[in-house]
Amino acid sequence: MSTTQNTDAGPRPGSAQTGPDTGEITVAVDAARESTTRAGGAGIPQPRPESPAAPVPAGPVTMAKALNAALADALSADAGVVVFGEDVGTLGGVFRITDGLAARFGTDRCFDTPLAESGIAGMSVGMAINGMRPVIEMQFDAFAYPAFEQIASHIAKMSNRTRGALPMPIVIRIPYAGGIGGVEHHCDSSEAYYAHTPGLKVVTPATVTDAYLLLRAAIDSDDPIVFMEPKKLYFSKDRVDLDALREQYESGASAGAGPRAALESGGAAVARTGTDATLIAYGPSVPTALAAAAAAAEEGRSLEVVDVRTIVPFDDATVSESVRRTGRAVVISEESGFASVASEIAARVQERCFHSLAAPVLRVTGFDIPYPAPKLEHHFLPGVDRILDAVDDLQWED
Amino acid sequence: MSDDVRTDIAEAARSFGITPEDYMLPARHLIRIVDQDGKVLSTEEQGAEPGHDYPVPADEDLLEAYRRLVAGRRINDQNSALVRQGRMAVYPSSHGQEACQVAAAACLGEGDWLFPTYRDTVAVISRGVDPVEAMTIFRGDWHGGFDPRQHKVGIQSTPLTTQLLHAVGVAHAARLRGEDTVVVALCGDGATSEGDFHEALNFAAVFHLPVIFFVQNNQYAISVPLARQTVAPSLAHKAVGYGMAGERVDGNDLVALLAVLERGVRLVRGGAGPLLVEAHTYRIQAHTNADDATRYREDAEVQEWLAKDPVKRMRTYLTDRGLLTEELQSRYEQEAEDIAAALREGMNRESTPDPQDLFAHVYSVPTPQLAEQSAMLAEELSREEAS
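Going down the list, the sequences are from chains A and B. Take 1 as the starting number for the first sequence in this note's numbering and just add one per residue. Take 1001 as the starting number for the second sequence in this note's numbering and just add one per residue.
Short derived list, chain B residues pointing at chain A, Cβ under 7 Å:
#: 1; residue: Asp1147
#: 2; residue: Asn1202
#: 3; residue: Tyr1363
Hints are computed from structural coordinates only; laboratory data are not their basis. These numbers were taken from a predicted model, which means no experiment stands behind them. Virtual Cβ for every residue (Gly too), placed ideally from N, Cα, C.
Could you build all of it, start to finish, from the sequences and the hints given here?
This is the structure in C-alpha cells:
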C-alpha cells in the first residue's frame, strides 16, 4: 500500500483518547484537514472531462468551501430555505460547512437546535409541511441514527402516504465515512441504510464542483435527499470558480445533463476514461479508484473510473455502458460489503452486462466488522493495492 | 429560579397574579366542571386554583360541541361495526374518549393545525374532514385519504409520538413567517415514554412555540397500564421540566376540556409558549378488534368508567340547564345517523385502487428503476387480463 492516502491517515498521537465532545470534534476536523491535504498533494481529485471551463483562472477551493457556498447561494435564492442542526449557527458547524451563514442570513434562516437528532429531523418534517425547504445537518454519520425513525417512517414516506399532497423537500446532510482517524461512531459508511429506504434519494459528491452543484440541486428538489459528504474530502481542493458555478447552476445552463437531471434519473460520471476494466466508486472511494487507475496505467493497464454520484437514483445506463465496453468491473466502497450498496451495484451490473463480462464483477469494500479504531482503519479501508489485486483477479488469462 | 425564568412564562404568570412555578405546575386537582352525573360542581370543587381558573364556554359553543360528541360516538360505533362486517381492516376506536376528540378540534381556529394519532379519527372528522375520506386509511385503499393541507390536519400517525415533532415544525415555520398559527398535537399516555415526546416538548419550549401537547391518558398502552409508563405525580407534571405549563383535566367532561383548551389556545397564541394538557379518560373498548382487553383488565374497572360516560354526562348537564331540548336531541341523533349511513354507504362501495398508483408518489418523478418496475407490473396485469 504505497500510494493510497489511507495508509498514513491515522490520528495525531493521543487523539483517540480525547475525552469531551468538543475536543474530539476538533481532532476530527484537524485530522480531516491533514489527511485531505495529503490527498490533495497526490493530485486528487482530478478535474473531470465534463467540468465547466472556468472563465477566469480560479483559485483553489476546498469541498467544504464549495458546500458552504452552495448553502449560502441557496439561502439567497429561496426565502423558504432554512438550515439547522447542532452547532451550525454561531460555530458554523464542526466541519465549518455552515460557517458565516447565521451571521449573513440571520438566526431565523440558520440556527442551532437542542442536541437531539430525531427532533431535528422531525421538526424538518413539520417545516416542510408548512412550506419550507429545510436543510438539516447530522453532525456525524453514526449520530444520525436517532433520527432514523423520522427519516424512514416520515421523511421517506410522507409524499407517498398523502398521494403527493405533502412532498418533503428536505436535505439531510451527513458527513460520512472514514479515513480521518476519527474515534468510534465518527466514521460509519451508512449509505446503505438510506439507499434501502424507498422514497429517499442518496447523493454523494467526490469533487469540489459536484459538491456545489449537487447540493444546490438537492436543495431545489421536491424529494427528500440524504446528502452524504465524504468527510475525508472536505479539505480536498480543486481550481474552481464558485461565481461561475453559481451562474451556471442558476441559469440552468447545464439542464438536461446537469445536476437537476442527475437527481431525477441518476447521474454517474466517467471520472477517468479507460478500456480494460471499469472501477465503479463513489464519494470517498473515487480518489482511491483514480489513484489505482493511475498506478495501473504505469503497468500498462487502462482502467476507467465511474463516479456513481447518485446512489439513488442509480444511473444504470452510464455504468452499464462503461462495463459493456471494458468487459470487466470492480465495485469499490468503504462500507461493510455484506448487503451493501456495492452488492447492489454488482448485482445490477451482472444482470445488465452478463454477456459482455469476461469475469465476475468483484467488490472491494470494508470488512464485515464494526468500523475499526484509528490505528487499524487502514487495514479496513479499500486501498489502491487491494483494488489492484482485485483487478488482477479479473481472469485476464482466460 | 425567578431570575432565570423566561419572559413569556413570567408574563403569563403575572397576568394571573401567580408565580412562574405555580403557572407551570398543574393545579393540585383534576380540573372538572361537570361531575359524572352531569351536575355542575361548585367553584371550590372544580379543582381550580388562582391562575388556574377557567371560564365556562358560551352556550352555543357547548351545544355545537355536544352535537359533535353525539356524532363522534356514532362514528366510533359504526366504524367498529364495519370492521366486524369485514368492510375495514382495523379501527382503533376512541369510544369513551369522544369528549377529548371533540374538544381537540373545537378549540382551534381555521388557520390552526391538528396532529392526530391513529385513534383520533373522531377529532379528524370533527375538524371537518369527510368521514369516508378519513376512513380510507383503515379500509386499506391507501395510507391516508384526505389532503392534510386542505384541512390543516396531519396524516394520522401510527409511529408513536413522531407527530409531535411535526407539530413543532409547523409551528416554527409559521412563526418564522409571522403567522399566529396554533398547533394542537395529540398523543396517548404510552407515547409519553417515547424519546420523541421529550424532544418535541423540549424543542417547543426552547423555541417558545405555540403548541399544545394534548395527552389523552386513557390508562393503557394496548395492555400496559400507566404505572408501567411513569411514576411521575402526573403526566402534566412533566411540563415543568421543560419550562412550560401543565394542566390536568377530566377527559370525560367536555365542558372542562373546552374551558381548559380554549384558554390554552388563547394563552399560547398570545405568546405564553407551549402547553401540556393531560386529560384523564378511558379506552372503553379494546385497543383494536385484534386485541382482547379481558386479558389485562377487570370488567369492574370498565364498568366504573362506563358510569363516567362523556356523552351521557353532557346530555344531562345541557338538559338540566335547559339548553338541550328533546327536539334538539332528536336532530343531533338524526345527524349522527346520517353520518353513519354515509359511512356505511362509502365503506360498502367497492373500491379498487389503481395498482399503478404504487409508483406514482414515491418520488416527484418516478426514477428509471420505478418506471421499469411499473412497466413490469403493467405487463403482469395485462397478461392476467388476457388469460
